[in-house]
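Protein chains in written order, with my numbering: chain D, 4 to 258; chain A, 4 to 258.
No lab work stands behind these hints, which were simulated from the structure alone. Remember, predicted model here, so these are calculated numbers, not experimental data. Heads up, a few of these hints could be off.
[Stated by the list, open to error] Simulated pairs of lysine-lysine, DSS-like, Cα-Cα distance not exceeding 30 angstroms:
(1) K252(D) to K252(A)
(2) K252(D) to K79(A)
(3) K149(A) to K246(A)
(4) K13(A) to K152(A)
(5) K79(D) to K65(A)
(6) K79(A) to K252(A)
(7) K68(D) to K79(D)
(8) K65(D) to K79(D)
Take a look at the letters that make up each chain.
Number of protein chains: 2
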Amino acid sequence: MPLTLTPLPKIPLINPGDDLTEILLNSLQAAHLTLDDGDVLVLAQKIVSKAEGRQVNLNTVKPSKEAVELATRIEKDPRLVELILRESREILRVRPGTIIVEHRLGFICANAGVDHSNVQGNDGNPEDWVLLLPANPDRSALEIRKKIKFSTGNRVGVLIIDSHGRPWRLGTIGMTIGFSGLPGLVDRRGWKDLFGYELKITVIAAADELAAAASLVMGEAAERIPAVHVRGFPYPLREGSLKELLRPKSQDLFR
Amino acid sequence: MPLTLTPLPKIPLINPGDDLTEILLNSLQAAHLTLDDGDVLVLAQKIVSKAEGRQVNLNTVKPSKEAVELATRIEKDPRLVELILRESREILRVRPGTIIVEHRLGFICANAGVDHSNVQGNDGNPEDWVLLLPANPDRSALEIRKKIKFSTGNRVGVLIIDSHGRPWRLGTIGMTIGFSGLPGLVDRRGWKDLFGYELKITVIAAADELAAAASLVMGEAAERIPAVHVRGFPYPLREGSLKELLRPKSQDLFR
Numbered sequence: 004m005p006l007t008l009t010p011l012p013k014i015p016l017i018n019p020g021d022d023l024t025e026i027l028l029n030s031l032q033a034a035h036l037t038l039d040d041g042d043v044l045v046l047a048q049k050i051v052s053k054a055e056g057r058q059v060n061l062n063t064v065k066p067s068k069e070a071v072e073l074a075t076r077i078e079k080d081p082r083l084v085e086l087i088l089r090e091s092r093e094i095l096r097v098r099p100g101t102i103i104v105e106h107r108l109g110f111i112c113a114n115a116g117v118d119h120s121n122v123q124g125n126d127g128n129p130e131d132w133v134l135l136l137p138a139n140p141d142r143s144a145l146e147i148r149k150k151i152k153f154s155t156g157n158r159v160g161v162l163i164i165d166s167h168g169r170p171w172r173l174g175t176i177g178m179t180i181g182f183s184g185l186p187g188l189v190d191r192r193g194w195k196d197l198f199g200y201e202l203k204i205t206v207i208a209a210a211d212e213l214a215a216a217a218s219l220v221m222g223e224a225a226e227r228i229p230a231v232h233v234r235g236f237p238y239p240l241r242e243g244s245l246k247e248l249l250r251p252k253s254q255d256l257f258r
Numbered sequence: 004m005p006l007t008l009t010p011l012p013k014i015p016l017i018n019p020g021d022d023l024t025e026i027l028l029n030s031l032q033a034a035h036l037t038l039d040d041g042d043v044l045v046l047a048q049k050i051v052s053k054a055e056g057r058q059v060n061l062n063t064v065k066p067s068k069e070a071v072e073l074a075t076r077i078e079k080d081p082r083l084v085e086l087i088l089r090e091s092r093e094i095l096r097v098r099p100g101t102i103i104v105e106h107r108l109g110f111i112c113a114n115a116g117v118d119h120s121n122v123q124g125n126d127g128n129p130e131d132w133v134l135l136l137p138a139n140p141d142r143s144a145l146e147i148r149k150k151i152k153f154s155t156g157n158r159v160g161v162l163i164i165d166s167h168g169r170p171w172r173l174g175t176i177g178m179t180i181g182f183s184g185l186p187g188l189v190d191r192r193g194w195k196d197l198f199g200y201e202l203k204i205t206v207i208a209a210a211d212e213l214a215a216a217a218s219l220v221m222g223e224a225a226e227r228i229p230a231v232h233v234r235g236f237p238y239p240l241r242e243g244s245l246k247e248l249l250r251p252k253s254q255d256l257f258r
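Chain D on its own, in the form it takes in the complex (with noise of 0.2 angstroms):
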């Protein structure tokens, strides 16, 4: 069965406290797209954040002296580098304007995901404004599933991504923050080859591979297709979170 990933059409601009459930499933009904069991729905983190209202507005942020020195060594707003730093566990590099950090969802980002674009608030100057990634995207992505398993019956796995560089290579790739109802990591060890010899790398991350998928189809433009329908998803829906994912920090040779 062919992988298809289809943009959601027509998801308006989302402000807090929206019910995204019903905006993604009026959006598939207009697309004709239907819900199966197996399917998965991909949401761009920044939907997610505003509907649950993460803006803050930076007027309101008062900068550590920590926060303050720091923003004067890289450049960088203080206030948004306070942000930054309350949205963080540990700092792991920092260069002019960013500061790679482990968030305290558990995973390496830049700028803690703390994002400057795209973010309207009441005020109406969007310079102000900024967004925190969801307080905790597993449990926005069960809540969203468990509400369309009510709407529809449908059993849909749910993933929130962001879009993350990576060290050693250029450019971002969609990467999971957060998910439920399907496998994070596919664990093969132990299967045998074609010739009976004994598979070596065996675990995918079948959660961030879908995520780098749907980020393709979100494009640049990830603020006018913030959600992807996905069809053929070749492993079986399961429970899951983000834990599986992150590499324990005492397995880390890069850190």
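With chain D held as given, fit chain A onto it using these hints.
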């Protein structure tokens, strides 16, 4: 337009000297899949390497002193370590069983991509044989692309992928090791977002996103599904090369 990734059926086991393009075109025909301008074919590294005769019998490899020392330290076959060192520019990290290197092709990967599984040589004992990556995957992709253009008249992209582990995260994802006729990076710096605010994270590793997507379709059985047909790649095709995707060492905070 949806992004559709379809596994190519009935790809036989590949032997040195096989005409991969002919095999791919036959498979497309058997599956009633057409090629259109703008389509991309994604190939698992193994079938390209095998067709190019990159199999090596370990019994023919005489390990250097350096290889023997390293092999003892990490409990690995010294002949395999010798091949890994020959295929590498630099060792980044070592741990039992694994050497993280800068491959001679410029990317960072485990064990220089030298693979022990699913390699069958002439003498019939699979444990003696390993497979190196293609000598020049960009060139391999270009040759296949040219042959397809000659046979069908279609302008398609060709992407060659392997499974790579990541720092910070568990599990492997499909990653680009060479390509021709599609963009590696898509650069949108300077574009304005919905509110006129300048986009910040705007260089998308489109080829790597497609590599991950195709890897998802190949699944754990990349031997049985080593090629994927892609319709709906969202960016215009152009010339491209692996070099686009490689972060210069001087700009890399994690080496």
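Evaluation of the provided hints:
no.: 1; hint: K252(D) to K252(A); result: 23 angstroms, holds
no.: 2; hint: K252(D) to K79(A); result: 25 angstroms, holds
no.: 3; hint: K149(A) to K246(A); result: 20 angstroms, holds
no.: 4; hint: K13(A) to K152(A); result: 22 angstroms, holds
no.: 5; hint: K79(D) to K65(A); result: 55 angstroms, violated
no.: 6; hint: K79(A) to K252(A); result: 28 angstroms, holds
no.: 7; hint: K68(D) to K79(D); result: 14 angstroms, holds
no.: 8; hint: K65(D) to K79(D); result: 15 angstroms, holds
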